[in-house]
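Sequences listed follow chains A and B, in order.
Per our numbering: the first sequence = residues 1 to 226.
Per our numbering: the second sequence = residues 1 to 223.
Keep in mind that a hint or two might mislead.
Stated by the list, open to error - Here are the simulated EDC-like pairs of lysine to aspartate or glutamate, each with C-alpha atoms no more than 16 Å apart in a straight line:
no.: 1; chain 1: A; residue 1: Lys146; chain 2: A; residue 2: Glu214
no.: 2; chain 1: A; residue 1: Lys161; chain 2: B; residue 2: Glu158
no.: 3; chain 1: A; residue 1: Lys26; chain 2: A; residue 2: Glu158
no.: 4; chain 1: A; residue 1: Lys146; chain 2: A; residue 2: Glu118
no.: 5; chain 1: A; residue 1: Lys161; chain 2: B; residue 2: Glu62
no.: 6; chain 1: B; residue 1: Lys161; chain 2: A; residue 2: Glu62
no.: 7; chain 1: B; residue 1: Lys161; chain 2: A; residue 2: Glu158
no.: 8; chain 1: B; residue 1: Lys161; chain 2: B; residue 2: Glu22
No wet-lab data here; the hints were simulated from the structure.
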Amino acid sequence: MGYEWDFAVVFRDFDLLLLGLVNTLKVTGLALLFGVPLGLALSLARLYGNFAARLFVGLVIEFLRTTPPIAQLFWFFFALPILIGVEIDPFRASVLTFSLQSSAFFAEVFRAGIQSVEAGQWEASRAIGMDRNETLRRVILPQGVKRMIPAFLERAIELMKTTTLVSAISYADLLYQANSVAQSTYRTIEVFSVAAGMYFVVIFACSLGVRRLERRMARSGETVMN
Amino acid sequence: MGHNWDFSSVFASRALLLQGLENTLILGATCLALGLFFGLFVGAARFSGRAWLYFPATVFVEVFRNTPVLVQIMWFFFAFPIIVPFQVDAFTAAAIGLTLNTVAFSSEIYRAGLQSLARGQWEAGRALGMSYWQQMFRVILPQAARRMLPAFMNRAVELFKMTSLASVVAYGELMHQAKVVSTISFNPIEMYTSVALIFFAVLFPMTVFARRFETRGDPRGRS
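Take these sequences, add in the hints, and give me the full structure.
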């Protein structure tokens with residue numbers, strides 16, 4: 001075990017790792033931006049669509065949830081461009097994949113949130129003459145969304161962890177940058193450990209925040225878990 | 001959209017894909033067995049009041065739950081071999097990473113399951129003169145196991161999805177085989193579509209089964 005640790009090299013290239021972290025956050029942020037509204041649409045279609053829509057959307061959601069994200073990413077990066085004859089760069093393929101992938105999970109969070117609102121709320125809205133869309137928009141979603149927040153944030157953290165896969169199609173996220181810095185400095189163990197540490201700092205901070213929020217909301221009894 | 005779908009090239013390489021699926025299942029089953037086994041001890045340590053057990057177990061769990069699993073696999077493939085005096089092949093690196101990840105997540109399931117049982121069960125065990133591990137294995141676990149089962153099944157599905165990451169360190173599981181074959185036979189569309197379908201076919205029944213447990217409790221009616 002006579003290994004001599006040398007972290008100095010890592011910190012000389014620290015800006016490259018930071019750039020990677022920014023790219024990781026960029027993909028995560030964009031996937032959230034597209035994934036959340038899409039998830040809402042999918043959940044509404046699954047809950048209130050006609051039979052064909054429910055079946056189709058249900059299948060899409062299950063498919064996205066039970067196939068490995070890396071298989072989806074490779075499909076969108078290697079297969080889709082040939083299929084549609086348009087080149088898709090690693091960044092776009094990543095955002096596309098993770099928007100869709102996370103939307104399936106968000107759809108389930110939305111569904112749990114909507115279903116957690118008591119039937120009496122629907123009945124009360126109907127009693128004062130609201131139709132379904134109005135009830136959803138004004139009564140059900142505002143209450144449901146609040147309870148879903150912890151589950152949402154947990155999914156967002158999962159998403160950030162999953163985006164490491166984009167390194168496999170050479171998008172310069174933190175893991176990819178770590179890999180290239182490790183190769184150029186031959187300080188594999190230090191670089192990978194620092195990169196893992198950076199992931200840990202960001203993700204653990206988010207987890208702690210979510211946990212605190214969860215506890216606070218659990219005390220006031222307004223959370224659903226997914 | 002003038003692509004001519006042709007799955008015959010996929011079918012022609014079925015031997016390689018089956019080999020990949022076999023490796024996927026071997027990797028997944030190995031990590032699941034080891035992960036659930038060691039997870040129990042880490043979970044029990046997290047459940048314990050003793051600081052020297054609780055503290056290291058908590059650090060371990062937080063580190064492995066709050067870093068991406070791909071980073072863990074890469075660390076064990078690229079970094080770990082430098083500080084240990086033996087070779088680490090792709091299977092070992094992936095297996096260590098995925099096992100430790102599963103240990104961390106399953107220990108939380110054990111802990112939640114153990115905490116869900118009333119303290120009276122422990123006390124009753126003690127009143128009968130049982131030791132800690134006797135109480136655990138004879139009284140607590142049999143009851144908690146039923147409540148934990150759906151969560152474990154979800155974990156297993158997650159784990160089998162994660163085995164596809166072993167392709168990044170070139171372990172010959174399904175995803176890797178597909179990658180290799182598709183570059184030789186130029187059929188990425190059919191190949192990756194097939195791989196996604198194969199994973200779906202294997203994992204979807206598992207999720208359906210897990211959900212039945214969740215909604216109805218024990219299907220034999222003893223929830």
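Comparing the hints with the structure gives:
Distance hint between Lys146/A and Glu214/A is fulfilled; the C-alpha atoms sit about 11 Å from each other, no more than 16 Å. Proximity of Lys161/A to Glu158/B is assessed by CA-CA distance (about 13 Å); at most 16 Å being required, the pair is judged to hold. Proximity of Lys26/A to Glu158/A is assessed by CA-CA distance (about 15 Å); at most 16 Å being required, the pair is judged to hold. Straight-line distance between C-alpha atoms of Lys146/A and Glu118/A comes to about 14 Å, which keeps the hinted pair within the 16 Å bound.
For the proposed pair Lys161/A and Glu62/B, the alpha carbon gap of about 14 Å is at most 16 Å, so the pair holds. Between the alpha carbons of Lys161/B and Glu62/A the distance comes to roughly 13 Å, so the proposed pair stays at or under 16 Å and holds. Between Lys161/B and Glu158/A the CA atoms are separated by roughly 14 Å; this keeps the pair inside 16 Å, and the hint holds. Distance hint between Lys161/B and Glu22/B is fulfilled; the C-alpha atoms sit about 14 Å from each other, no more than 16 Å.
Figure legend: structure checked against the earlier numbered hints; every hint is met.
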